[in-house]
Amino acid sequence: MRSKAMLSVLLILLAAALIGGATMAWFTDKTDLEAAEFTAGTLEISADGPNESALPDRHVDNINPGDTVTVCWDIKNIGTKRAELRAHLDTEWLTAGLSNDVYTYALPADSDWVIYEEDGKTWFKYNAGPLAGTYDGDGDTVKLCVEVVFDGPTMGNAFQGAKLEIGGEVEAIQTTNGAPEAVWGDAYVNAGGGQS
55 MRSKAMLSVL
65 LILLAAALIG
75 GATMAWFTDK
85 TDLEAAEFTA
95 GTLEISADGP
105 NESALPDRHV
115 DNINPGDTVT
125 VCWDIKNIGT
135 KRAELRAHLD
145 TEWLTAGLSN
155 DVYTYALPAD
165 SDWVIYEEDG
175 KTWFKYNAGP
185 LAGTYDGDGD
195 TVKLCVEVVF
205 DGPTMGNAFQ
215 GAKLEIGGEV
225 EAIQTTNGAP
235 EAVWGDAYVN
245 AGGGQS
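Our numbering applies: residue 55 is where the sequence shown begins, and numbers increase by one.
If you are wondering where the hints come from, they were derived from the structure by calculation, not from laboratory data. Keep in mind that the hints are not guaranteed to be accurate.
What follows is a list of derived Cβ distance ranges for each label pair [as the list claims (entries may be wrong)]: (1) ILE132 - LEU152: 32 to 40 Å; (2) GLU235 - ASP115: 40 to 48 Å; (3) GLY191 - HIS142: 26 to 34 Å.
Note that the structure is a prediction, hence the values are computed from the model and not measured. Positions of the beta carbon are idealized from the N, C-alpha and C atoms, including for glycine.
Produce the entire structure from the sequences given, and follow the hints as far as they go.
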């Protein structure tokens, strides 16, 4: 009986300790974490032009077979991110039935662009490094000048009075995290000595 009495006393003390312990005060505090904010950069370019010029004694509205006409566009990075650039041209005779194989593209000798072929398209890669964005300044502008060389022997009488329209598209991609290689591939990376 004595052990039952002892056990009862212990249970009462344990119950009292639990009840008393639950009502004890502890110093506590809490605070909210301020939200971390991230802002994605922007990648945006603009192109002005074209500005056309022919050989010194020629005019772009009176070309001859064998002439060379230079067409230039100013390309500006107006986004915040540094960008790699490439461009392709769409050239079309506005007179139906004329062939596009009477001209070739070339670059001026001092050009920072290189020409490469991919999937049947002629591409122009800006090969002087990334174009700075506006995050730390005004953003860089580069000039894309392409020489259109008209072939003398194959540009016959059918081309008299014909109009040629040259337009195209410039693409920009972020320079970080391997984006040019991943999106534009080996042909882009290896063009012009593999600089990207």
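- Which hint numbers doesn't this structure obey? none
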